[in-house]
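Trainee: Sequence:
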Amino acid sequence: MDEKKTLEQEKAELNALINKGIQFEVEDTEFEVKKRFFGLLKKRIPVKVRKQFKIEEPTLGTLDRLSAEWIEFAIDEAALKSDDGMKKAKSIVHNHAIRCARVIAIAVLGSDYLIPTPGKG
Numbered sequence: 002m003d004e005k006k007t008l009e010q011e012k013a014e015l016n017a018l019i020n021k022g023i024q025f026e027v028e029d030t031e032f033e034v035k036k037r038f039f040g041l042l043k044k045r046i047p048v049k050v051r052k053q054f055k056i057e058e059p060t061l062g063t064l065d066r067l068s069a070e071w072i073e074f075a076i077d078e079a080a081l082k083s084d085d086g087m088k089k090a091k092s093i094v095h096n097h098a099i100r101c102a103r104v105i106a107i108a109v110l111g112s113d114y115l116i117p118t119p120g121k122g
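One point on numbering: in this note's numbering, the residue at position 118 of the sequence shown is 119, and numbering is uninterrupted.
Any given hint could turn out to be false.
[Unchecked claim] Simulated restraints on C-beta separations:
1. Arg103 with Glu58: 17 to 23 angstroms
2. Leu61 with Glu11: 19 to 25 angstroms
3. Leu8 with Glu70: 45 to 51 angstroms
4. Lys88 with Leu61: 35 to 41 angstroms
5. Leu15 with Ala69: 21 to 27 angstroms
6. Lys49 with Ser83: 43 to 49 angstroms
7. Leu15 with Met87: 30 to 36 angstroms
[To be verified] Calculated pairs, DSS-like style, for lysine-lysine (alpha carbon to alpha carbon, straight line, at most 27 angstroms):
8. Lys55 with Lys21
9. Lys35 with Lys21
10. Lys49 with Lys36
11. Lys12 with Lys55
12. Lys36 with Lys21
13. Lys35 with Lys52
Calculated from the structure, these hints are not laboratory results.
As the structure is a prediction and not an experimental result, all values here were calculated from the model.
Glycine is no exception: its CB is placed at the ideal position from the N, C-alpha and C atoms.
Construct the complete structure from the given sequences, taking the supplied hints into account.
Mentor: Structure below.
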């Protein structure tokens with residue numbers, strides 16, 4: 002009976018993701034530029050902004066990009082079950098933190114992403 006309940010819960014979560022998606026908010030700081038003395042001096046004023054994001058059903062291109070990132074995870078389950086498993090888990094998290102952030106960004110942005118390039122402007 003317990004397995005059936007967990008399967009129904011997973012099915013409900015998937016239906017919620019497919020139909021409605023998942024929304025969340027992030028508080029960010031943007032800088033407003035005010036010009037002074039005929040534009041010679043500029044003052045940057047921090048302004049707090051709340052941004053809303055929505056994770057919807059991923060497209061095939063998004064799934065391909067997500068799977069390309071997931072393949073790169075190197076997790077040794079035997080090392081995690083050993084005596085110093087917590088230490089190994091922390092080292093794995095440290096090694097893959099940027100990749101985890103990239104996976105979340107791909108899931109949130111989907112196919113609408115812009116890779117910033119350094120330069121003027």
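Trainee: Take the hints in turn and mark each one as holding or not.
Mentor: Now for the hints, and whether the structure bears them out:
1. Arg103 with Glu58: 17 to 23 angstroms: holds (20 angstroms)
2. Leu61 with Glu11: 19 to 25 angstroms: holds (22 angstroms)
3. Leu8 with Glu70: 45 to 51 angstroms: With a Cβ separation near 27 angstroms, Leu8 and Glu70 fall outside 45 to 51 angstroms, so the hint is violated.
4. Lys88 with Leu61: 35 to 41 angstroms: Check passed, 39 angstroms falls within 35 to 41 angstroms.
5. Leu15 with Ala69: 21 to 27 angstroms: Hint holds: Cβ distance 22 angstroms, inside 21 to 27 angstroms.
6. Lys49 with Ser83: 43 to 49 angstroms: Holds: the Cβ-Cβ distance is about 45 angstroms, inside 43 to 49 angstroms.
7. Leu15 with Met87: 30 to 36 angstroms: holds (32 angstroms)
8. Lys55 with Lys21: Within the cut-off at roughly 9 angstroms; holds.
9. Lys35 with Lys21: violated (40 angstroms)
10. Lys49 with Lys36: holds (20 angstroms)
11. Lys12 with Lys55: holds (20 angstroms)
12. Lys36 with Lys21: violated (44 angstroms)
13. Lys35 with Lys52: holds (23 angstroms)
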